Amino acid sequence: MIYAVISLAALGAIFGIVLGFADKKFKVEVDPRIDAILNVLPGANCGGCGFPGCSGYADAIVAGTAPLNACTAGKDEVREKIAEIMGVDAGEAQEPQVAQLMCNGGKDRTALLYNYEGLEDCHVAATMFKSPKACSFGCIGLGTCTKVCPFGAIKLGADQLPEVDFNLCTGCGICVENCPQHVLKVLPVSKLVHVRCSNLDKGKEAKTACDVACIKCKLCEKNCPQGAIAVVTEGNGSIARIDYAKCTSCGICVTKCPTNALEIILPINANRNVAQNTKSQKPHECSQCGLCQ
Amino acid sequence: MQEMILIIIAAVFVNNIVLTQFLGCCPFLGVSKKLSSAIGMGAAVTFVLTLASVITYLVQIFILEQYEIVYLQTIAFILVIAALVQFVEMVIKKYSPDLYKALGVYLPLITTNCAVLGVAIINIQKSYGFLQTMVNGFANGLSFTVALILFAGIRERLEDADVPKSMQGMPIALVTAALMSIAFLGFTGLL
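From first to last, the protein sequence lines stand for chains W and X.
Each position in the first sequence, counted from 1, maps to that position plus 388 in the working numbering.
Each position in the second sequence, counted from 1, maps to that position plus 432 in the working numbering.
It is worth saying that the hints were derived from the structure and are not from the lab.
Treat the hints with care, since some could be wrong.
Chain W residues, not near chain X, derived (Cβ > 12 Å throughout) [stated by the list, open to error]:
#1 PHE554
#2 GLU622
#3 CYS635
Here are the simulated DSS-like cross-link-like pairs (lysine-lysine), alpha carbons at most 25 Å apart as the crow flies [to be verified]:
#4 LYS597/X x LYS412/W
#5 LYS597/X x LYS413/W
#6 LYS415/W x LYS526/X
#7 LYS495/W x LYS543/W
#8 LYS518/W x LYS597/X
#9 LYS415/W x LYS597/X
#10 LYS412/W x LYS466/X
#11 LYS590/W x LYS597/X
#12 LYS412/W x LYS525/X
#13 LYS465/X x LYS412/W
#14 LYS526/X x LYS413/W
Quick caveat, the model's predicted, so the values are computed rather than measured.
Backbone N, C-alpha and C define an ideal beta-carbon position, used for all residues, glycine too.
With the rest of the complex left out, here is chain X (with noise of 0.2 Å):
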């Protein structure tokens, strides 16, 4: 149980994955315009990550190192990330039309977010077993949510805010996402 919840703070604080390992930079910067978007994001972002964690985890194990066919992760792993997101896509359309307008290009786009991949890869790495694979995929998802979450809510309050003119928008943005990554490693030493 520690073990479990070491993981889960190792994922969210000390390597969070956008903030500290700079995966998923696209939809950190793309969907973080408005909390309620970034919110949905998270979640379908934590959904994806868990499951594709789990089942390249079982391909893995069973498939590529049973045939010694190893060298084929990349594209087996990517088959697998692009299933589960189109069925994620289906599944936000059937229940959330609002949310799949507001997520827009980005839905799609999580079957190349470096970050699902990343981390379907790190459990191997790692030689994590199931649960931990599991709990590594789930706490990723997390912290790329709260990453975004934090994030979206200092852009929303950033709109506001007296910004120089040639800073407005993007350089403004990249800039708080630069000190965010800073202020997160303050979070090194913590385990």
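This is chain W alone, in the form it adopts within the complex (with noise of 0.2 Å):
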């Protein structure tokens, strides 16, 4: 027993001894900020930035190549604290951007085709007939975004559509990446009007399939003040998209919406069910006074 741990201890510590000195040997001279760039950065490697995880984005940094503001994850504070690394001027700030997702088909919303009883994958299930929902366009509701999450900031809610903590989403758009039915958007946090639906069916067979389907109806576009929804065409169908640069929020085209397609969320957190309620109480008198925060 006493010789095991006097060998090993030995054995450890003569390796550690000669890699010690191995290391002040073969020290490669790098520059010392792209260290400290490490450092202030999240470290989640998420990839948001385009550079290959935290790391390569700190290299190219140094190298020049980056802008300072890619880091979705870290957002103001990692851009001025890499701003004072480089000893250059922070920019402006940039508004978060969190994923929202572009379905509001849940478990009792939408007809099921079939039983799935494969993977709980969405990859997996969308090979079969695209969907095991009625609706083929919406999301499929086993949860691959949350697995694939670097942040956590996923989870599945009761009616098995994900639900996003806006507060630690970083907008990095991994999610968005890994969904198959390309049902997630990365959007600007203060933009509280989505069109929560993404088929493309026309009205009466998007509606047999779901619920809250956009039916085309173009009730939101008549009514818009601002002329930032409108009902466009897209692949083999059409569909409500709102410009989010004309959109103010207002909410006039969720009342307006016959299906409960559109939705308006607050960003107090991202359950939908606080957004009902919310949406009974006339959500285009919302002033945004952050009060109900």
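Build the complex: two chains, separate frames, hints provided.
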């Protein structure tokens, strides 16, 4: 017993010393700023910046090939710190972005085509008749996005739709890339009104498949004071889309939408039930005072 | 001398570490996309294997067997291998940053490459002497390199081949590896 402890400890110590000397001898001179930047980066290696992990981004910043604001996960705090390290101006503050689900077809709202009993993965389910749900455009609800999110910001809600925690979401876009149905979008957090439907089918078909589908009635288009929402042709069909540059989140379209496909979401959390409660209280009168938070 | 040549031929062809004994499959599939990085990886593994064989042999004889703590073999060997890999990583980072980038995560992963630990244990099991251990370690490194280079060569050509869409990438690589393994079984009767 005592020999085991001593001999292993001795082996470890010898290797440690040798490696210590080797480290001195083979030291590679790197820009100290790379290490400094690496320390302030979130370290989630989410790839939201477009570089291979945080170290790749740190290298690129020091090499001068990357902008300072590419780290969506770190938000403004990190951008300012990096600017400090690099000794340059931090630039304009950017609005935080979060992932939004463009589907509201939870398990009680859309019919099932068949009982899916395969692997708990949306990509696998998407290979079988496009989706286990009657609507082949919507969220499959097996939670692939919850697994790929490096920040643990997405959880499956009671209706088996992903709910994004806006406090944790950094807008890195990993979930967007990994969603086989392309129903997630990264959008500025201040945008409150979204078309929570991705169904391109004609009104009747869409409505048969899902209670809260966009039926292309154009009521939102007619009633929008900003001209920000319109039913546009897309792929083999059409759907209401919001021009987020024009949208003021007034919420008039939400009250007009006959199928609840449009929804207003307050940035309190991602719970759609909360949002539905607020909907009955005339959301277009919300002055975004923030008191409700 | 003849014995050493036999060890080398046995290791490279008859008992090829990857294609016959199925050890070290991870870097075999991971670093075989480009011939140049395959050669670099082969060289790094050969270096680690040779040194690891020698040092684990010494550790086995002068520490583990001396103090009758052979049950610590696995952890002691892993300690040796991990230290060696760290050393190799430093050297490569210093002298060939490009290779360091090309090998990426597979370089520190040599630590957990079962080929290295496997060869170290096989040396002990076959009760090789010091010189035989060294030659066997080197020969197995060579056999890993040969398998890796052959495979990388084939995969580079596969890039231009007309592969069905569902078989592109890893599936066709795995089929290729299986065929190579079958081909290498043909050497079985050599010795």
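Which numbered hints fail: 4, 5, 9, 10, 11, 13
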